[in-house]
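Q: These two chains come separately, so use the hints to put the complex back together.
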Amino acid sequence: MLKVNCPHCGAEVVFRSAALPVRVCDYCQTTLIRSDEGVRQVGKAATLPFDVSPIQIGTRGRFEDQAFEVIGRVRWGWTDGSWNEWLLLFADDRHAWLGEAMGQFMLLAERPIEDLRDEKFQSLLQGKPVDVGTEARLDDETLIAADMRGASCIAAEGELPFTAVTGWSITSVDFRSASGRCASLQRDQEGAHFYDGRYVTLAELSPTNLRPIEGWRMPAHG
Amino acid sequence: MDDPAAGAPAAAVKALSCPSCGGAIEIKAAGYTVTIVCQYCSSVLDVANPDVRVITEYHEAAAALEIPPGTRGTLDGIEWEAIGYMRRSEGGSYPWDEYLLFNPYRGYRWLVTDGRGWSLGEMLTRTPEWSSPSGLFVGGERYEAFFRDTPAQVDYVLGEFYWRVAVGEEVVASTYVRPGWMLSREANGSEINWTLLRLLKPKEMSEAFGVDVPPRSRPPLPHQPSPYHGTIGKVATIGFATLGLLILLLILFSGRGPLLTERMTLPQTGQVQSATFGPITLDGAYQAVSIKARAPALDNAWVDLDYALVDRRTQVSYQAFGVAERYSGRDSEGSWTEGDRSSAIKMATVPAGIYDLVVDASATRWKTNPSAMIWGSAPRTGPEPIEVEIVASTGMTFLSNVIFAGFLILIPLGFMFFRHAAFETSRKGESDFSGTAAQDDEEDE
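Sequence lines, in order, name chains L and H.
Counting the first sequence from 1 gives a position; this note's numbering is that position plus 56.
Counting the second sequence from 1 gives a position; this note's numbering is that position plus 1129.
Next comes chain H alone, as it looks inside the complex (with noise of 0.2 Å):
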């Protein structure tokens, strides 16, 4: 054994000197490790080998690192040592970072950034099943195909990695997405490997590297969950729960045609008539009723009307009160007309029972009309009595009111819908499998 005093704990680190510069460097991952940037002069040191040798010099200052090699970080309770840096890029374009995570008793893990947002990626052991051209699964998860076959390259490393990794180094990408999950798979002559990406979420990674994350990023990562999905969900459910509960409040409620259809003939004296119709039975636990009253001959003239709906049995008064009114002239601008010559008022909530409708109209002549003085010409209509046609009917106004209510669900819902479709198609705009990217291709072309 490397430990010939038994139970004490292995070493964790092997310590070399750099041939270029001659400065200590530690393996923290010794047995992996096949390539090593030293920390100092930045070469790229073979450590595969028993004899270190330098592969390549670099003698740029080290990128001033997010996350410095040997620094800690716990992600879901394990404790994760940053051994590695690379910075990579589509031939030079689209750069981003992966930093190599390592724990002896677990392995490796990668973390990735483009600037706006981190992912956790692990390698997958298992081989996705292919389910069409656009998508596969992994451990029964579909994934959508979102950038096709680019070349991806290695354009500055730091660090300790488990394969020979150089400056240059090329494989081929392609990527998959789920809501908050990406499948990576990249490939070169020898060796596919998949990796299986979480994105992680700002606090994790403020907590556990001491890394800020821009909250929003614009435009959304490719496996970024649109943020109104879970909402439109909850606010859809609710919505639609209250439409439901509303239809079903307007079946109970709605009426089966005029429950009493009654005429009056009214002096244009104001002078109060009384007048008593019924029954009405009313069979609903509870139920609206409206009244209409519709004067058709009414003119420069308003009819008052009082309504009391009466239990026969408790004699209780259900009151409204409602006016038509009707008014015409002529003026500098051509004849005009004001008013409406019916009048509709609706009783929310009235109780089962049998009714009387007692109702105490009036109808005045408008006498001093100014316009009709000035012009003379307000038809003189004589002192005949007026006829008002009055309907009583049960809920038919409640529905406009569940109209109503389902036009205020709808629009937020309407509007979270697209802003989801927004994100959305902002989000697979980068995508090489959607339909603004695949005009975009052809106009390149």
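Pulled out of the complex, with its shape left as it was, chain L reads as follows (with noise of 0.2 Å):
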């Protein structure tokens, strides 16, 4: 863990992962990214602009015996909406992204591109197009395609992996199975990435330290 002061206004900022290297101060704004050389500043992430959604940085829960905290969110908007990833921290370092979109939620990990070897996949990777409905092999089970489209980063907060800059332009494309098994692939100009894992629901996640929203009774989990 690595206390710092924020150099653009001061405040303490911690960076608690080697691996996000990336940390938007909780008071300016400022995007700061951390090096060997220090932490410097690459900008100013936009206000996260006003939403319901039940998740907050420093919520806490588990997947698969595994406890996690939330500890960084990236916001993307495309012409019809919006959705959020958050990040999650495990216990034993590793993380992984909570994707909230349309009220449901799915669990991510990244997987190397290399895992992609169905024909689909290579031509997704090359730049193409995909139908909905197109069908794609990964690990002996049949995944297809149910949406793709271009988003944009509206706003980032907390620890991230990566600078997400407002305004960063990528292509999304979605995955999903009979199995609840879901998947992912984000590509900019400078390559893609690709996130395996389920559909989950807030409520098996035992989520703790959810935010209280007015009006509502909070389901008692955890």
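Any given hint could be a false lead.
[What the hints assert, rightly or not] Computed cross-link-like contacts, EDC-like style, restricted to lysine to aspartate or glutamate with a CA-CA straight-line distance of at most 20 Å:
(1) K1421(H) to E1462(H)
(2) K184(L) to D1440(H)
(3) K1330(H) to E1227(H)
(4) K1332(H) to D1243(H)
(5) K1143(H) to E1155(H)
(6) K176(L) to E68(L)
(7) K176(L) to D1278(H)
(8) K1143(H) to D136(L)
(9) K1143(H) to E270(L)
(10) K59(L) to D92(L)
(11) K100(L) to E68(L)
(12) K1475(H) to D1412(H)
[Claimed, not checked] These stretches of chain H come out as covered by chain L in the derived footprint (C-beta under 8 Å, 3 or more residues):
(13) 1153-1161
(14) 1228-1234
(15) 1247-1260
(16) 1289-1302
(17) 1316-1329
Calculated from the structure, these hints are not laboratory results.
For each residue, glycine too, the CB sits at the ideal point set by N, CA and C.
A: Below is the structure:
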């Protein structure tokens, strides 16, 4: 854990994991990058627009017997809406993403691009489009392309494995399967990242420290 | 964070002013909601971007909704707030209503009705598995194809939605059903969404949202379970169990041919003749004993028969009475006959033992035959004695009772099967995959 003062506003900021070199200052939204030379500013993130997500930085829970804490978020927008990707830091220092879109949650961890052998994935990696409903094989399971859309970063907060600059544009393709598995391929000019996981319900994560929302009874989990 | 005062609950709503009428609008699902329809002027607003702009304006009066936006109700112990409303149709025909429900901790659900009942829908996160062109599997349950690809459009919207809803927006919809459940597939160019809908009981819906639901819908909803289905199962179980028991009794009580065949000769004078036949050995714990008497030569006379089955050991006696009678004559309409030359009686449950059959029998001539007197044509038979054959056997008459009982059981069962079949025919009548619908299509062409 590294505690430094924000070079922009002087507030204390914390870097908890060496794998997560990016930190958005909680007070002035300055994006900071940690390196061997120290901490430097790379710009200012936009203020997050108001939403009623039940998740917040500091929400804790368990997934497959591993405790996690929510430590960061990227909010993505596309022409017809927006979604959140919450960064989960597990007790064993691994990290994963909790995607939150249309009231549904998916828990995804990054996998090497080399795992994608199916030619449909290869074609996507080469920058080609894919039709909704296209089937692609991964680990002996058939994944089906559920949607493909262009998205751009609206804002980010907390700790992150990469810099999420407002306006950063990606192409995102989501896959589903008959078993509840889901996967996402995110591509920009510089390359692609692949995330694999499954749909989860909030309840099965036994979350605590959910965000209180006025007028709504918080479910008793944990 | 949005919430500088740590610990205080986040506001549940975001307020904005309608750029069309200036009315104050509250967004309930801020961050998810893309489209909101102003409750005052019905303008459709785009709130995906920070600058709220008017997409289309509606100056029609807002429809008097069964569930006005903002209404909360509890289903399965979870509180939901109705935040959006859409009226949809197939190109203007077969309209139905969809209400969007929201709970910030639970996400979204749909309440769907076409006036015949309400269903609660949840978007599926898994893709169904195809089993055949007419069905598919979700979570191990099979769903039958019901409506094939039909265009579904949005005719009217009010409230807020998580996507950019627009009047006229069209998807291609298909429907699959199993009793109580419906699976809906909606596809447009960029997305395929599956929604699983559970048919709500009228009571659930009225308790949750104070909506009156017709208890019976005609024609039935595609996913309405047949009300006879469960009852048929119960009635059939009880019926067949009873029938099985009766057949078991029949086997236990049934006989193995006649126990005894004897003859008596009776003078036609009314004088009682007594005879004892036996022994009759009854092996079963209990059995029915039937005794038949037949007098082939009987004419214009009757035979009275008093039977007593007497246990040789205990002297317990089982008694019965029978009569055989036969009359004939001739009147203005021709010759006539009446009566039966034989008599059959049954003793229902006779215990095991060795018995004697004691028969007290008498034959009497019918002396005063008015028609014979008038027409003088009655055959004058002499006073020669009448021969009566007596046959005792076990069980056999019991069979007719079993058949009768079987009928009594099968009639209501058959009736219920008929009603069930009629319900299913009516339910499937609307399906694109039923025989009748296929015929309709041909007629249309």
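Q: Take the hints in turn and mark each one as holding or not.
A: Against the structure, the hints:
| no. | hint | result |
| --- | --- | --- |
| 1 | K1421(H) to E1462(H) | 33 Å, violated |
| 2 | K184(L) to D1440(H) | 101 Å, violated |
| 3 | K1330(H) to E1227(H) | 17 Å, holds |
| 4 | K1332(H) to D1243(H) | 17 Å, holds |
| 5 | K1143(H) to E1155(H) | 5 Å, holds |
| 6 | K176(L) to E68(L) | 46 Å, violated |
| 7 | K176(L) to D1278(H) | 27 Å, violated |
| 8 | K1143(H) to D136(L) | 19 Å, holds |
| 9 | K1143(H) to E270(L) | 12 Å, holds |
| 10 | K59(L) to D92(L) | 14 Å, holds |
| 11 | K100(L) to E68(L) | 17 Å, holds |
| 12 | K1475(H) to D1412(H) | 17 Å, holds |
| 13 | 1153-1161 | holds (count 5) |
| 14 | 1228-1234 | holds (count 4) |
| 15 | 1247-1260 | holds (count 6) |
| 16 | 1289-1302 | holds (count 3) |
| 17 | 1316-1329 | holds (count 5) |
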